[in-house]
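Residue numbers (our numbering), protein chains in the order written: chain R, 157 to 322; chain S, 42 to 169.
Quick caveat, the hints were computed from the structure, so don't treat them as lab data.
All C-beta atoms in this analysis are idealised placements derived from N, C-alpha and C, irrespective of residue type, glycine included.
Fair warning: there could be bad hints in the mix.
[Stated by the list, open to error] Listed next, the in silico PhoX-like pairs over lysine-lysine satisfying Cα-Cα at most 20 angstroms (straight line):
1. 290/R / 97/S
2. 166/S / 50/S
3. 97/S / 172/R
4. 92/S / 149/S
5. 166/S / 149/S
6. 92/S / 129/S
7. 290/R / 222/R
8. 229/R / 290/R
9. 97/S / 166/S
10. 50/S / 97/S
11. 166/S / 92/S
12. 172/R / 92/S
13. 229/R / 92/S
14. 290/R / 232/R
15. 232/R / 92/S
16. 232/R / 97/S
[Stated by the list, open to error] Reference listing, derived: stretches of chain S covered by chain R, where coverage requires no fewer than 3 residues with Cβ under 8 angstroms from a Cβ of chain R:
17. 91-101
18. 157-168
Chain residues, written in single-letter form:
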Amino acid sequence: MRWLWIDCITEHEANKRLVAIKNVSLAEDYLHDHMVHGKTIMPFSLMIEGMAQTAGILVGTTSRFKEKVILAKISKASLSCDVTAGDTIRYDAAIENIDAAGASTSGTIDRRVAGGEAWERIGRVELLFSHIDKNMAGTEFPEHNFVFSDNFKMILETAGLADLAD
Amino acid sequence: MSHDEIFQKIQEVLDDALGVDEDEVTPDASLTADLGAESIDFLDIVFRIEKTFDFKISQGELFPENLTENPDWVTDGNLTDAGLTMLKERMTHVDFTAIENGNRNVSKIGDLITVNSLVNFVEIKLGG
Numbered sequence: 157m158r159w160l161w162i163d164c165i166t167e168h169e170a171n172k173r174l175v176a177i178k179n180v181s182l183a184e185d186y187l188h189d190h191m192v193h194g195k196t197i198m199p200f201s202l203m204i205e206g207m208a209q210t211a212g213i214l215v216g217t218t219s220r221f222k223e224k225v226i227l228a229k230i231s232k233a234s235l236s237c238d239v240t241a242g243d244t245i246r247y248d249a250a251i252e253n254i255d256a257a258g259a260s261t262s263g264t265i266d267r268r269v270a271g272g273e274a275w276e277r278i279g280r281v282e283l284l285f286s287h288i289d290k291n292m293a294g295t296e297f298p299e300h301n302f303v304f305s306d307n308f309k310m311i312l313e314t315a316g317l318a319d320l321a322d
Numbered sequence: 042m043s044h045d046e047i048f049q050k051i052q053e054v055l056d057d058a059l060g061v062d063e064d065e066v067t068p069d070a071s072l073t074a075d076l077g078a079e080s081i082d083f084l085d086i087v088f089r090i091e092k093t094f095d096f097k098i099s100q101g102e103l104f105p106e107n108l109t110e111n112p113d114w115v116t117d118g119n120l121t122d123a124g125l126t127m128l129k130e131r132m133t134h135v136d137f138t139a140i141e142n143g144n145r146n147v148s149k150i151g152d153l154i155t156v157n158s159l160v161n162f163v164e165i166k167l168g169g
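Bound-form chain S, shown alone:
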C-alpha cells in the first residue's frame, strides 16, 4: 500500500473518529491540539486503524500510556532524559524534536502525535 493510500485511509479514520473534515486532516495536524482529540478518542482511533488495516495494536504501542506511573520517566510533571530515550526507542513513528529542545511537560506529549505519526505507524506495521 502506497504512502498516499495510507494517508487517505487515515483521513477517513479521523473523519469518522473525530468528526473532522478531511481537508483539516493535514500531515502536520496534531490530533489533540489541532483536531480536538480527547483521550477516549485514542482508543476509538486504535480500533478503527486495526479494522481498516487488518492488524492488531498492543496497548501503548501507538499512543504513550501510563508514563507518569514511572518516576524514572516523568519527574515533577516533566519528561526525563530516560523517559525521552524510552519513547524514542518505542515510538519511532513520532517526531520528538519539539519536546527534545523545548517544553518537557508531559501534558505536551500528546500534541506531538500528528496525522503523519499515524501514517508512519501504519507504514512500519505493514512493512514489518
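Isolated chain R, as found in the complex:
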C-alpha cells in the first residue's frame, strides 16, 4: 500500500484541475522527527509528494487510469512559510500540457492555520509526469496499474468520483 499524502479531493474539473486537502496531525509519527526550534514542521518534501499525488491523480483521470503515471521531474518548487500540526494544506493542481508521452502540471499550495478560516498562498510546484509504458520502450512492466492502487480508488470513491476509473 502506498502512503497517501492527501486526505480527500475537494474539487475536480475534468482533464483540467484537481484540488485536494491534507490535515496535518500530531498523530502522524513523521512530524515528531521533524522539529525546528522546538516546533513540529511538515517537511516540504512531503508537501511536494502531496502535490505529486494530487496532480498524478488528475493526469491519471485523463486516461481513466490506464496509463502508469510516474513523477519524472520536479521542475520548480518554492515554499514561503512553514506548516505545522493543526494546519490544513490545500493542493490545487492543473494540467499545463499532456500527450502520449506524459504531462506537465502546475500547482499552488495554500495553508489554513489551526483555528483560522482564510487560505493563504504559501507555495508553487511545477511537475513533469511520464507515461512509463510509452517512454521505456522494451522495458517490461506488470500489466496491472501498480501506480494507482486501491487506496487511490478509495479516495476517488470518497469524493464521489469513482466513475472516473474503470
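Please build the complex by placing chain S on the supplied structure of chain R, with the hints as guidance.
This is chain S only, laid out in the frame that chain R set:
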C-alpha cells in the same frame, strides 16, 4: 519572428527546463553533453517549446525516438546507412555531419542535438 528572437526564447526554455544560465546556452552547445539534459528533460523541452511558440510537436519529431527497435536503422549499437538517411530526411533541423564521418554509436546521437537544432526546428515549424 526573427532568428535572434527565437534564439532568445529557446535560451529561456532551456534556462527553465535544465536550470542552466543563459550564457551557457550558446548556439553550438549540445543539450546532453554540454547542458546536462537527460531523457526526461526532452519531454519537458517539447512541452515548453509547444507552449512558448504555440504549435504542437509530434512524438519523435524534435528528438529521435525508438531507433534501436528497428534493426534496419541500428545494428550492434551503431547507426546504419539506412538509419542515417532516415534521420537526415526526418530531422532536417539537426546537423549529422559529426556522426556521418565518425563514431556511429547510437548513444552519441543525442549529443548532436544542439541549441541551434532547436532554433532551426522552430524556424522550420513557424515557416512551414
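How the hints compare with the structure:
1. Of the supplied pair hints, the one linking residue 290/R and residue 97/S holds, its CA atoms being roughly 18 angstroms apart against a limit of 20 angstroms.
2. As the CA atoms of residue 166/S and residue 50/S are separated by approximately 15 angstroms, the hinted pair is consistent with the 20 angstroms bound.
3. The straight-line distance between the Cα atoms of residue 97/S and residue 172/R is roughly 18 angstroms, inside the 20 angstroms bound, and the hint therefore holds.
4. The hinted pair formed by residue 92/S and residue 149/S fails the criterion: a straight-line CA distance of about 28 angstroms is larger than 20 angstroms.
5. Pair hint residue 166/S plus residue 149/S does not hold up; C-alpha atoms about 25 angstroms apart against a cutoff of 20 angstroms.
6. For the hint linking residue 92/S to residue 129/S, the alpha-carbon distance of about 26 angstroms lies beyond 20 angstroms, and the restraint is violated.
7. Under the criterion of a C-alpha separation no larger than 20 angstroms, the hint pairing residue 290/R with residue 222/R is consistent with the structure, at around 12 angstroms.
8. As the CA atoms of residue 229/R and residue 290/R are separated by approximately 16 angstroms, the hinted pair is consistent with the 20 angstroms bound.
9. Distance hint between residue 97/S and residue 166/S is fulfilled; the C-alpha atoms sit about 9 angstroms from each other, no more than 20 angstroms.
10. At most 20 angstroms may separate the alpha-carbon atoms for a hinted pair to count; residue 50/S and residue 97/S meet this at roughly 17 angstroms.
11. As the CA atoms of residue 166/S and residue 92/S are separated by approximately 14 angstroms, the hinted pair is consistent with the 20 angstroms bound.
12. At roughly 16 angstroms between alpha-carbon atoms, residue 172/R and residue 92/S fall within 20 angstroms of each other, so this suggested pair holds.
13. Taken as a hint, the residue 229/R and residue 92/S pair is honoured in the structure, with Cα atoms around 18 angstroms apart against an allowance of 20 angstroms.
14. For the given pair, residue 290/R sits about 24 angstroms from residue 232/R by alpha-carbon distance, which is inconsistent with the 20 angstroms threshold.
15. With a C-alpha separation of about 17 angstroms, the suggested pairing of residue 232/R with residue 92/S holds against the 20 angstroms cut-off.
16. With a C-alpha separation of about 23 angstroms, the suggested pair residue 232/R and residue 97/S falls outside the 20 angstroms cut-off, and the hint is violated.
17. A count of 3 residues in the region 91-101 of chain S with a Cβ less than 8 angstroms from any Cβ of chain R is obtained; the coverage claim is therefore met, three being the minimum.
18. Note: the region 157-168 of chain S has 0 residues with beta-carbon separation from chain R under 8 angstroms; the three-residue rule is not met and the coverage is violated.
The structure does not agree with the numbered hints 4, 5, 6, 14, 16 and 18 stated previously, though it agrees with the rest.
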